[in-house]
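Protein chains in written order, with the UniProt record's numbering: chain A, 1 to 731; chain B, 1 to 731.
Hints should not be assumed to be uniformly reliable.
The list cannot tell twin chains apart, which means a pair is met if one copy fits it or any two copies do.
[Said to hold, decoys possible] Below 25 Å or equal to it, Euclidean Cα-Cα: the simulated PhoX-like pairs (lysine-lysine) are:
{"no.": "1", "residue 1": "292", "residue 2": "223"}
{"no.": "2", "residue 1": "164", "residue 2": "349"}
{"no.": "3", "residue 1": "164", "residue 2": "343"}
{"no.": "4", "residue 1": "662", "residue 2": "302"}
{"no.": "5", "residue 1": "205", "residue 2": "662"}
Hints listed in this document are in silico derivations from the structure and should not be mistaken for laboratory results.
Number of protein chains: 2
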Amino acid sequence: MDIAALLTSAGINIVLCVVLFSLYSILRKQPSNVNVYFGRRLATRRDKHVDLLERFVPSPTWVMKAWETTQDEILALGGMDAVVFSRMLVFSIRVFSVAAIVCTIIVLPANYYGQVRKHKDIPFESLEVFTIENVKEGSRLWAHCLALYIITLAACTLLYFEYKNIANLRLVHIVGSAPNPSHFSILVRGIPWSPEESYYDTVKKFFSYYHASTYLSHQMVYKSGTVQKMKDDAELMYKMLGDSLGKSCKPSFPQCCFCGGSTNSFKMISNEMDSMHGRTGYTDRHIDARKKECAAAFVFFKSRYGALMAAQNLQTSNPMLWVTDLAPEPNDVYWTNLSLPYKQLWVRKIATVASSVTFMLVFLIPVTFAQGLTQLDKLEKMFPFLTEILQKKFMSEVVIGYLPSAILVLFLCAVPPVMMLFSAVEGSISRSGRKKSACYKVLYFTIWNVFFVNVFAGSVISQLSVFSSLTELPAQLAKAVPAQATFFTTYVLSSGWASLACEIMQLFPLFCNLFQRFVLRCNDDSMDGTLSFPYHTEVPRVLLFGFLGFTCSILAPLILPFLFFYFFLAYLVYRNQILNVYVTKYDGGGQYWPIAHNTTVFSLIFAQIIALGVFGLKQSTVASGFTIPLLLGTLLFHQYCRERFLPVFRNTAAQVLIDMDKRDERCGRMKDIYNELHTAYCQFSSGSSQSECFGNHHHEESTRANPPQDLETGKENSKKDMSWLPVHRSS
Amino acid sequence: MDIAALLTSAGINIVLCVVLFSLYSILRKQPSNVNVYFGRRLATRRDKHVDLLERFVPSPTWVMKAWETTQDEILALGGMDAVVFSRMLVFSIRVFSVAAIVCTIIVLPANYYGQVRKHKDIPFESLEVFTIENVKEGSRLWAHCLALYIITLAACTLLYFEYKNIANLRLVHIVGSAPNPSHFSILVRGIPWSPEESYYDTVKKFFSYYHASTYLSHQMVYKSGTVQKMKDDAELMYKMLGDSLGKSCKPSFPQCCFCGGSTNSFKMISNEMDSMHGRTGYTDRHIDARKKECAAAFVFFKSRYGALMAAQNLQTSNPMLWVTDLAPEPNDVYWTNLSLPYKQLWVRKIATVASSVTFMLVFLIPVTFAQGLTQLDKLEKMFPFLTEILQKKFMSEVVIGYLPSAILVLFLCAVPPVMMLFSAVEGSISRSGRKKSACYKVLYFTIWNVFFVNVFAGSVISQLSVFSSLTELPAQLAKAVPAQATFFTTYVLSSGWASLACEIMQLFPLFCNLFQRFVLRCNDDSMDGTLSFPYHTEVPRVLLFGFLGFTCSILAPLILPFLFFYFFLAYLVYRNQILNVYVTKYDGGGQYWPIAHNTTVFSLIFAQIIALGVFGLKQSTVASGFTIPLLLGTLLFHQYCRERFLPVFRNTAAQVLIDMDKRDERCGRMKDIYNELHTAYCQFSSGSSQSECFGNHHHEESTRANPPQDLETGKENSKKDMSWLPVHRSS
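Generate the whole structure from the sequences, applying the supplied hints.
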């Protein structure tokens, strides 16, 4: 491949992007697409009419909007996770702008004039002339070593300040946010079964004895399979208790009667269970309800510090019983998993890890199969009946040119949902936890399948044998990576840029919408599920490109300008999506930053190891010698960051929570908060179907309908997050 | 080597052991050796006179005594750690009795008749005939597979019940023990420096604000380098304050005046610092004292639960500041490390790990050198001036037969002190923590240097290359281990049994004692330091023999009877040592069991991997197929034990501590406990020299003299551990 071809490819991709982005800027203005491109606005029910004239003219307003939005606005609209994602892009832009400048000035000339050869005109120059392969053996390679130093130092400095800022931001966000029910609540699992008592009483007894000073109340988790039955029971009870409870509860809200939502009939029963045992008619139902209780409960405390204390300690001498964790946010709870017996979880975790690894390895089969499709003669031998079809030129072109990539894309589309399924099976108690776990899995999968499988292209066995000889790995990588650098450059061009165009076009929802409108002829504007940001696919994608950038930076610096442009575009596109498309229902608290940090440090170290291998191959001992301290320094930096910042992402500091408690006490808000805690966690809400749809990861959050009607404007929502305090209570 | 030779070797070793044990039974009765063999009795000052007639007749009374002692007595005398060590031996005896029976019945005949060959008379049969090497390729090997199953199942079952029992015992021990000051105290490090306030005030302000309901008081840690100066200052102060404080403090106890030991002059100053600022004469000294404060303090709480809460949580949003840990027991505190800045610790940890690994690898040099000594011709070539000396037969015999092992033993003796030094540099806050860390290091070192270096005997490089090809490891092990099985059998005979004889003879202290008595002519009966049990050398030794046993069990079952006898002897010897020699100054709480458990599981898995390799070499696919589920099952078992039992060893359950708090409150003991907390931790005691002696690990605990005068009888000591509550207080 020569420069001209690369530029042509880049040109095609740029034109494609421009066309798609223009198309987007038109499509987004069509009222019929409002539920595709303005999911957030739909959720907040803020309609805005656009002039008919403007509607069909492409305009860059969205770019301006995305560019101008401040970090505070992103934080208000998308929560910490969105900010962290945006910081990842900012970090990438910064570090790759440094890398691009350094490598263009220092490394590119060193590569180009690395060997005494007759250079062609630059447009017809092969791309390999610009890679380190062009440098002859025995050179000093000081330019590459210096560039590696500059890039590593820049990356580490930027990483340090980003980590520091995000840790600070997380803190400020926690302190500044309104009272959050999750701060006062813990989730208890593994409640011991006793034949005499219900779980409810066991929990009550345990916490009012051992945490008497801080325990407030609690709420059981019910088996999710029995949802409907419980609802019926509750309605019946509601009717029976209706008279005695007066008219304060609205009969039109049957959905929350269980966990004490709008009506408190069942809560009352549960709370006053002992006093009611005398009355017949309820007793049977009680036994019924008892059977439906899980060995899990939400326990509410009088202070944030009390909840933290109860959550972080071993409760009893059997670590499998009374397992406490800080509760997730109400919208973040993954109810299906709460009813799992805690004793199963360790097996599930092991099984999930095993399945994920198997999946990663088994995935090589379609890859090899797809690669095999390009060799028609083999295919004809295997399936003789295909011979006639394949002899037609059109068919063979389709098979060779289209089928392999189609199969691969098809299989790749299956990865995030499968990983999401694994993470759900694993037993996360929160949706954000599940997404984070899926993010890890997709990340490992992507880096393995895009990078390693391409670098060591070949059969499954040859890839495994690479990992069996660890000492030869750097040398093998040093041989393989520069050879694949051209591929990675085109990968950034095609896959990277195209993925952004697809992301902003929202192809799948767009087609669904068109299908609904023009085939099903149903003009219902309300979508059945607003989307939440697919961090588990987008974070790995961005990190993969960062990984490619670092590993290729000094080997094939031509990748860097394209990468820089990718990150810049991604910055605009994702900010636009956060502003307009995705609805934030819960906040993961910026837990993606440690992933990004670790991956970046891994990328740096990996780049240094490859550099070591390359310097070894080129017999440049000085450069090798200088790389080793850099490697050790990077490892030390990583360890320092782990010690200094990571605990802040794992736990909230006691000081912060106590300060918040004291502030609320001074304001006299505590009473209100206690009152509203009971209604915060609502297991059975209307429209919730417990059979989650893992297939389409874009819709995975849609099951927790119960649309946040309080999201009047996004900014208000996050800043004054009192939304979980309903105005009308019934007691 | 044939059976006769092995038996001869065994016979020699048995005779040697019998002679040494008889010698011991005589020596122990000599009054002059009482400080060698009855260090514990010396510490408890219980003298017992023996008839002159009995003194020179060997007697097995010590064996009877060691055998009859119950676990409760061991617990009372030696604490949890001694019990755990004794349980390790019991477990080993049990599992290797099962293994010996199974392997003798099933595996030995299968090995012996593994090939159609003419057998010699058994005494002249080569030992290799009894190993798996005698089995011809293509055999079914079901006997070996079955034996592996039985051994693994027996080991896992026994491990499970031991873990359960020890976890229970630990719990009962905690609950049953008297109020322990360490339960009420935490150690705070990384106190932030402020120019306006002393550390003392900073701590006071922080804890009385954030832990107001549970905070009691605190005590600073002082820089250890300034000990003497502080003492002088304190004495001066004592004199100045003497009048105002009355005569309640004893002037003869200057050692504890700092931390509020016997006199409370300095404590008073510190506590009433603010009120005294007006008076001149103290102010300068205050500034002085402030300079000597470290950024570390012991903070005392009103309840055990309060201390646990404060200890286990992130205090502030900077994880490097206000680092809290549960305080070690007063006698367990490693004061020197408390004054280290907390920010250094992560670097120290990394440096220690790096040094330990380097030490392990560098240790190969003396090993190779020692091996090189056996090749005289090479030596002569290297050092031509030695030629004449080496040509004498006697000298060459010495060089070949004696020097290599002498060099090795010399180097091996240096290992535990070096590892202890590493662990001290690492920054453990407690002596038990330091010993546990050293135990890990010595364990890795021993297994690496005894097993792997012997198995892959050869140059350093060939050993490293083994680990670079991971997939071939089982096959290589399968080839190498059976070949070395004979060596390991003789190793058990010589090194194992001999080490026990040396342990009971206490050679080094005995010679010191003799030297002191007959050369220095000093008949002082009081030894300068009583010994504490060297867990960091003995635990790895026992675990190493277990490791050898498991790995060789089905390959060369002849090792098992010898090993069984070793463990039986070790059981008697170590119990005797715990009863008579070693003094327990602090209790590590049975933290050695998880090490033993993990090592045993590792040994099992390693044995299975080698078995897999062997089955592969012998082309027995059925046996290989059956081994894989066993391997997975063992891994699952390990994970289950980690989940079920390990947290109990890491943390104390809140329930347990709250129950203890409530019990003490009911008894009205709390006030007494609070009063005595201040005097519990005493940094500067008489005779403490801060320059620790790492060189001789036997004496490493001797620096914390301050002999436990309350150990009237061992049993009372542990059960009624109110010893830290001095009877006479001065306020």
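- Sort out which numbered hints this structure fails and list those numbers smallest first. Violated: none.
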